[in-house]
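Student: Residue strings, one per chain:
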Amino acid sequence: MPERIVVPFGPQHPVLPEPIHLDLVLEDETVVDVIPSIGYVHRGLEQLVTKREYTDFVHVAERICGICSFMHGLAYVQGIETIMDVEVPDRARYLRTIWSECSRLHSHLLWLGLFADAMGFESLFMQSWRLRESVLDVLEDTSGGRVIQGTCKVGGVRRDIGREKLDDILRTLVPFEQQCRNLGDVFLNDESVKNRLQGLGIVTKGEAYDLGAAGPTLRGSGVPIDARNLGYAAYGDLDFKPVTESAGDCYARCAVRVGELFTSIDLIRQAAETIPEGPIEVKVTGTPDGEYFSRVEQPRGEVVHYIRGNGTKHLTRARIRTPTLANLPPLVKMLPGCQLADVPVIVLSIDPCISCTER
Amino acid sequence: MTAEKQTIREIPLGDLERSVRELHGDGYRLVQIGCTAIEEAYEINYSFDKDFTFLNLRVTVTPETEVPSISGIYWGAFIYENEMHDLFGIPVTGMNIDFHGAMIRTAQKQPFSVTRKGEGPCRNA
Chain A
1 MPERIVVPFG PQHPVLPEPI HLDLVLEDET VVDVIPSIGY VHRGLEQLVT KREYTDFVHV
61 AERICGICSF MHGLAYVQGI ETIMDVEVPD RARYLRTIWS ECSRLHSHLL WLGLFADAMG
121 FESLFMQSWR LRESVLDVLE DTSGGRVIQG TCKVGGVRRD IGREKLDDIL RTLVPFEQQC
181 RNLGDVFLND ESVKNRLQGL GIVTKGEAYD LGAAGPTLRG SGVPIDARNL GYAAYGDLDF
241 KPVTESAGDC YARCAVRVGE LFTSIDLIRQ AAETIPEGPI EVKVTGTPDG EYFSRVEQPR
301 GEVVHYIRGN GTKHLTRARI RTPTLANLPP LVKMLPGCQL ADVPVIVLSI DPCISCTER
Chain B
1 MTAEKQTIRE IPLGDLERSV RELHGDGYRL VQIGCTAIEE AYEINYSFDK DFTFLNLRVT
61 VTPETEVPSI SGIYWGAFIY ENEMHDLFGI PVTGMNIDFH GAMIRTAQKQ PFSVTRKGEG
121 PCRNA
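Heads up: the protein sequence lines correspond to chains A and B, in order.
Residue 9 in the UniProt record's numbering is what sits at position 9 of the first sequence, and the numbering runs on without skipping anything.
Residue 45 in the UniProt record's numbering is what sits at position 45 of the second sequence, and the numbering runs on without skipping anything.
Note that these hints are calculated values from the structure, not bench results.
Beta carbons: idealized from backbone N, C-alpha and C, even for Gly.
A couple of the hints might just be wrong.
[To be verified] Think about it this way: if two alpha-carbon atoms lie no more than 30 Å apart in a straight line, the pair counts; the simulated DSS-like pairs of lysine-lysine are:
no., chain 1, residue 1, chain 2, residue 2
1, A, Lys241, B, Lys50
2, B, Lys5, A, Lys313
3, A, Lys51, A, Lys153
4, B, Lys50, A, Lys205
5, A, Lys333, B, Lys50
6, B, Lys5, A, Lys153
7, A, Lys283, B, Lys5
[Unchecked claim] Far from chain A, by Cβ distances over 10 Å, these chain B residues were calculated:
no., residue
8, Thr65
9, Pro68
10, Gly94
Start from the sequences and build out the full structure, keeping to the hints where you can.
Tutor: What follows is the structure, encoded as structure tokens:
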């Protein structure tokens with residue numbers, strides 16, 4: 001029987017932009033068991049909710065993560081608005097959708113670049129990040145911020161996007177979509193990429209569902225669950241269908257993200273073309289008294305913001321279940337049986353966001 | 001605003017495993033397990049979803065109460081149960097992967113529990 005050794009993976013590793021630790025139990029070069037641990041950059045942001053006014057905590061929520069910043073803010077304000085029975089103006093719902101989908105686009109392009117880098121495909125990495133820049137330009141142009149948009153507030157949004165700027169975005173989307181097709185073509189059809197990804201890190205449909213996987217990790221195994229189907233923001237008014245793949249391997253998870261680039265482009269296009277005129281916020285008075293589990297589909301999957309107020313200006317609890325936390329058990333199931341050299345690619349295939357996880 | 005209809009079902013701790021097993025049998029997926037400190041006790045929410053029907057089982061426990069793990073039913077529950085133990089000090093028994101208080105590797109001594117602050121190490125540690 002081969003000797004078992006434990007190889008520490010992380011918290012510092014070339015493939016990990018953020019610290020997570022895995023104890024890999026190996027028999028020769030084959031992984032037989034994995035124990036994950038987190039906490040290297042735990043910030044205790046949930047606890048801050050008891051010290052910041054509920055209207056201010058949106059700024060903290062947006063800083064949970066620099067990639068899905070806008071959607072953390074959205075999930076939080078949506079929870080407060082539901083508890084306080086605040087009806088958000090239609091235009092604000094559409095603007096929230098546009099910024100959400102821009103966030104998803106730049107997050108997926110960021111991930112595609114990192115994934116290409118993990119595979120050793122440097123030119124593909126640079127091409128992905130070059131494309132991402134044009135999305136960041138749109139975010140900066142419409143919100144003033146490339147990383148933190150700061151546009152969500154309880155009762156609506158802080159900034160409007162005028163007709164002229166919306167038309168600019170629609171014009172930008174035409175060449176951008178073609179560039180994404182060219183990029184996606186390499187990720188999905190290049191033989192060296194397919195050889196590297198297919199059959200690697202498989203999670204079956206039943207396992208993904210039972211393990212509580214979220215986002216592309218879940219949809220890559222053929223489960224068509226997407227929180228956008230709840231109809232929050234303007235998603236209920238727009239035509240949308242989740243992207244799924246059935247193989248459950250690294251290639252399938254990559255294919256879902258490539259497919260979602262085009263879903264996001266389509267949603268931005270629909271929202272920009274049909275956005276209603278009107279106010280972008282309503283005045284909110286009073287304090288939240290109640291509780292709600294606010295769910296939003298982030299680039300990495302469904303995030304849950306549990307919010308609870310007691311009628312004062314400070315909430316008593318904010319509990320944030322991030323998609324990466326939900327995707328850790330599936331990761332533990334994906335790795336056994338793979339080779340040590342495949343670990344970086346498989347770990348990256350769940351698009352781990354440790355910043356979110358260490359909220 | 002499209003507010004989702006959500007159900008919170010308060011159950012005694014003794015009914016937890018049976019109720020979770022029933023939901024598992026009905027095809028619900030585990031969304032999250034979260035804990036809230038309320039004065040001298042803790043509320044634990046077990047959230048499930050099936051076809052966008054969001055259901056919560058809620059148990060209320062005192063700080064020393066041992067909570068049975070549901071990781072035998074939902075394998076991935078260990079991540080939330082270890083987190084609950086590390087952050088709040090709630091002793092969870094029978095977890096399939098028990099980190100004994102070391103899943104969250106902070107320099108700060110755990111648990112970060114509000115009501116148990118200053119007391120000794122938590123039970124699984």
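Student: Now tell me if each hint is right for this structure.
Tutor: Consistency of the hints with the structure:
| no. | hint | result |
| --- | --- | --- |
| 1 | A:Lys241 x B:Lys50 | holds, 18 Å |
| 2 | B:Lys5 x A:Lys313 | holds, 25 Å |
| 3 | A:Lys51 x A:Lys153 | holds, 18 Å |
| 4 | B:Lys50 x A:Lys205 | holds, 15 Å |
| 5 | A:Lys333 x B:Lys50 | holds, 23 Å |
| 6 | B:Lys5 x A:Lys153 | holds, 23 Å |
| 7 | A:Lys283 x B:Lys5 | holds, 25 Å |
| 8 | Thr65 | holds, 19 Å |
| 9 | Pro68 | holds, 18 Å |
| 10 | Gly94 | holds, 16 Å |
Of the numbered hints listed earlier, not one is contradicted by the structure.
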